[in-house]
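**Q** Residue numbers (this note's numbering), protein chains in the order written: chain G, -5 to 239; chain D, -5 to 239; chain C, -5 to 239; chain X, -5 to 239; chain L, -5 to 239.
Careful: at least some of the hints might be erroneous.
Put simply, identical chains are the same to the list, so a pair is met inside one copy or across any two.
[What the hints assert, rightly or not] Computed list of lysine to any residue pairs in SDA-like fashion (alpha-carbon distance at most 20 Å, straight line):
(1) Lys115 x Ala2
(2) Lys225 x Asp137
(3) Lys(-1) x Ile196
(4) Lys115 x Leu235
(5) Lys216 x Asn144
(6) Lys(-1) x Glu114
(7) Lys(-1) x Gly162
(8) Lys115 x Glu101
(9) Lys115 x Pro142
(10) Lys216 x Gln233
Hints in this document: simulated from the structure, not taken from any laboratory.
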Amino acid sequence: MGHIKQHAEMDVDGAMLVEGMPGVGLVGKIATDHLVEEFDMELYGTVHCDSLAPISVYHEGERELLPPVRIYAAPDEDLVALQSDIPVNAAAVSEFADCLVGWLTDEDITPVFLSGLPAEKSGVPELFGISTGDAGGLLEELDIDLPPENGVVSGPTGAFLNEAGEVGLDGVGLVVQSNERFPDPEAARVLIEHGIGPLTGIEVDISELVDRAEEIRKQKEKLAEKMRQAKDEESSKAQPLRMYQ
Amino acid sequence: MGHIKQHAEMDVDGAMLVEGMPGVGLVGKIATDHLVEEFDMELYGTVHCDSLAPISVYHEGERELLPPVRIYAAPDEDLVALQSDIPVNAAAVSEFADCLVGWLTDEDITPVFLSGLPAEKSGVPELFGISTGDAGGLLEELDIDLPPENGVVSGPTGAFLNEAGEVGLDGVGLVVQSNERFPDPEAARVLIEHGIGPLTGIEVDISELVDRAEEIRKQKEKLAEKMRQAKDEESSKAQPLRMYQ
Amino acid sequence: MGHIKQHAEMDVDGAMLVEGMPGVGLVGKIATDHLVEEFDMELYGTVHCDSLAPISVYHEGERELLPPVRIYAAPDEDLVALQSDIPVNAAAVSEFADCLVGWLTDEDITPVFLSGLPAEKSGVPELFGISTGDAGGLLEELDIDLPPENGVVSGPTGAFLNEAGEVGLDGVGLVVQSNERFPDPEAARVLIEHGIGPLTGIEVDISELVDRAEEIRKQKEKLAEKMRQAKDEESSKAQPLRMYQ
Amino acid sequence: MGHIKQHAEMDVDGAMLVEGMPGVGLVGKIATDHLVEEFDMELYGTVHCDSLAPISVYHEGERELLPPVRIYAAPDEDLVALQSDIPVNAAAVSEFADCLVGWLTDEDITPVFLSGLPAEKSGVPELFGISTGDAGGLLEELDIDLPPENGVVSGPTGAFLNEAGEVGLDGVGLVVQSNERFPDPEAARVLIEHGIGPLTGIEVDISELVDRAEEIRKQKEKLAEKMRQAKDEESSKAQPLRMYQ
Amino acid sequence: MGHIKQHAEMDVDGAMLVEGMPGVGLVGKIATDHLVEEFDMELYGTVHCDSLAPISVYHEGERELLPPVRIYAAPDEDLVALQSDIPVNAAAVSEFADCLVGWLTDEDITPVFLSGLPAEKSGVPELFGISTGDAGGLLEELDIDLPPENGVVSGPTGAFLNEAGEVGLDGVGLVVQSNERFPDPEAARVLIEHGIGPLTGIEVDISELVDRAEEIRKQKEKLAEKMRQAKDEESSKAQPLRMYQ
């Protein structure tokens, strides 16, 4: 069975989690990676599911090997982040969702799930918010937009939302218009400025995201390409219901 | 194991259920969606099977996320509806049938399963009725036609009927001639007017179905296309036995 | 687990069963369907295996839905028939064989398994008989021919014979030369006249088979086509060992 | 689970078994079939594994149906033979190996596993012997050659040797140069004359093998063709390690 | 379940293990094979997992058959080596990793996992070291380089490192630049001289590796070709994270 292995003692009870699984435009991953770096978040734990790829990841200038899916925390900000270096294969999605949502429930953490919605944007990407359990009120207070049409969230983020709904966990989903083909740091910026920031009450410096947008696009080009070719179950994505069907 | 999670306290004991899984012409889905809307039916529960796609659905102007297969009820009309936004994959069909029929048995609900039969129609689509358990009498009283030739019902509807027959649940199957390639609101209208209406004793206003036929055809074009390409197990369909073999 | 659900109280103890799974030339199915019709056999029970296609079958002018594999009986003739509307997929073959042979053993029924052997025929199709357990004597008494060369029976009929042999059930296999590509009512006639008739001691009127041969060929063309393309495990067939290898 | 069903009471305790699964050049099968015929060996038992093809085999002029993998015995010669009419599919290989080696251990039988090694031969095919457990001494006494280079035995014979080694059963492997594409009765003759004969101490008349070589080649052409196209796991074969990798 | 079968009584407690699964440039396999030969290491045990290919390996001039994955030991040098003649298929990787790491933990052995990193080399191949548990200190003492950029280790070696990290076993990973297409004895030499030698404190004569480089390249060409075409899970490889994604 999947489980989360805690690496450091940190109090994350009642915190909010930002989820960064790869998907359309890599919007969730870019936003989450930015937060991990910006707040110098510490490794809280690692995620272990039988069907996650059994690989080992290393980082520049560091000896320690890590598994590809990890949880970071900034306890002072009541902030937790789910970071992944790899897509999750279709077989792992449900097991992973069970395991993550179980842990969120135990730790009383409110998740903020992130997804791109492929769109030809004009001006600032539009953002809307959806919810499971009783988290709808959080979105109302902040005047985050309602869904403009019927739609579906698939991929790991869809599975997390589905599982959260089934067990009644309060959770939020933020959906932002995104470039369908390339990494979209601009959409990630909107997620942070208009969604994650207000929801968590944390002020986030997004200048790096803006200044380094081109560099991020290049660096993540290959992963974005991989996600574009991934199966529906493997890439987080929101879509109008009529397009999904 | 698959299960049905109840969301609201409603008395559905002894009601009739209308089943709207996608299939040929989307006749069952269009009829069921119409009833859900027309009677402003409330969410009674959601269906959870391990092999159903773990996605999450949202609706225009609403925060709440829902799973893709749901049960609605109009207790005053003794009416229940099974609504699905997605095809059911082949692996889920049997588990889903077990779970649904078990619940129908427990709640003493009489199901009305709906299926299209691909045909070149001339005039009003023809309708006939078949049954499991002792429900044949219901059809006799209403003078609903008998099958004009040997045939087979496959897909989710076929699996529901098969399971209902195995456990001896009283159930009805309504089969209507349908366009094989496109959404067929006209066939759905016949299902309601000549089948569901008489069976349930409910008067249903079908003017929307008639007036908005073109719109429905467009809106559901993509799903109809998907069902046409689906495997036999995934798309509800009736066929003459000689064509099925 | 597979099981047989009894629908009517009939005494079939000590009867003989004729098996009509689809295979080369549909010889077993045509012969069995003819017997069911000719003797107006009644539904005795239905066969339920997890891996049989979960579909539902209806018949002209009748309300009652039935599963695709069924057992009929004519108790006065001590005759039972296994009728199938569908091929059995490869995954179901072994489970089905276990379940059928277990039931035959419990009810003390002697099965007569039927198979075509693809051949360019000249004159009346040749027939030979093989056996499991101690049923060889039955064939000797009737002077039914011995196999003219080494061979193998595959498909559902092969699995039934294999299982019967393993548990030591007395069973008979009748193999008849058959057209490889098309439904072969003539071969089915030989099975009945020179095999099933003598074995069961029942006089069977085969005029319908002769008169309606062309009609049967047309009606079952599609199924015969399907069987020709089926995998080895799904289509009953006898072959010389050198051709099978 | 796989098991061996005993058909006749015979004392095979302490005997030697000759293994004739199909593989390169069909050398093991040809040698084993020859011994079964030459010594008029009797049916001792049949092999039943869930993943062996559920087919039924008949022989010219005989009523009795048999499963495709069988064990014959000539108790007076202390000789047992494993005869197979079919290749073993990949899924069955390990289960079959477990089951056969377990039985050999219980009955205290020393197996002689047979395999061809594809080679361009000049003159008499070369033969060498390998072993598991403590059977190496048997080969030493008889001056059977050692392997001329590093190599690997795959297919059913490889699985038998692997399993025998794991449980510590004394077993012998005889590897003979063989034609890679066609049935090779000449290599089978060498197996018998220079390997099986000396090991078992039985004098075997091989004149039939020599006289009927052409006929055997023709008769088994189709099976040899099948084995050439089989997956590595399904066709017994020895190869130099550098070729296998 | 996978297990390691001990063949000889040797004290390996507290030793270091060198891992030689095939991967990019076969660097780990070439280094490990060299050590086994150079120190005339003895067979300690054999590795048995259900999903490892059930084949049997023989060596020139020796009777004894062996399974394809084996452990050798040189107790005087406190050295253990994992030698494999075959790639490990994807299904076996996790089971194999569980089984190996469990045994390493029980025997208190520190593993040195080896992997190539595809690169256009100029001059001596670069080497860096990574670690699990508390083994980072070993690398620090020896001034082995840190990773120059973010990266991922996949294949069996990645699975071993992943599992070692999960259970907290102290383990070392050595990554060396390697030719991507051909066996790379030069990279293997660097692994030994600059990594394994210093870590184990053993002086290793590498003249054979240098003198026989061309021969080794030829001999292992086919396996290197196979590894190049293997799936990610089957071939040990390090890569920059941006290339892996």
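**Q** Hint by hint, note whether the structure agrees.
**A** Taking the hints in turn, this is what the structure says about them:
Neither within a single protomer nor between protomers do Lys115 and Ala2 lie at most 20 Å apart by alpha-carbon distance, with minima of 42 Å and 39 Å respectively. For the homomeric pair Lys225 and Asp137, neither the shortest alpha-carbon distance inside one copy (34 Å) nor that between copies (44 Å) is at most 20 Å. In the homo-oligomer, the alpha carbons of Lys(-1) and Ile196 never lie at most 20 Å apart, since the shortest distance is 27 Å inside one protomer and 36 Å across protomers. Taking the shortest alpha-carbon separations for Lys115 and Leu235, only the intra-copy value of 19 Å comes in at or below 20 Å, while the best inter-copy value is 30 Å.
For the homomeric pair Lys216 and Asn144, the shortest alpha-carbon distance between copies (15 Å) is at most 20 Å, but the shortest distance inside one copy (31 Å) is not. For the homomeric pair Lys(-1) and Glu114, neither the shortest alpha-carbon distance inside one copy (41 Å) nor that between copies (38 Å) is at most 20 Å. Taking the closest pair of Cα atoms, Lys(-1) and Gly162 come within 20 Å of each other only across two copies (11 Å); inside a single copy the shortest separation is 24 Å, beyond that limit. In this assembly of identical chains, the alpha carbons of Lys115 and Glu101 never lie at most 20 Å apart, being 38 Å within a copy and 49 Å across copies at closest.
Taking the shortest Cα distances, Lys115 and Pro142 sit within 20 Å of each other inside one copy (15 Å), while across copies they are farther apart (38 Å). Within a single copy, Lys216 and Gln233 get their C-alpha atoms only as close as 23 Å, which misses the 20 Å cut-off; across copies the closest is 13 Å, which meets it.
Checked against the numbered hints given earlier, this structure breaks hints 1, 2, 3, 6 and 8; the rest are met.
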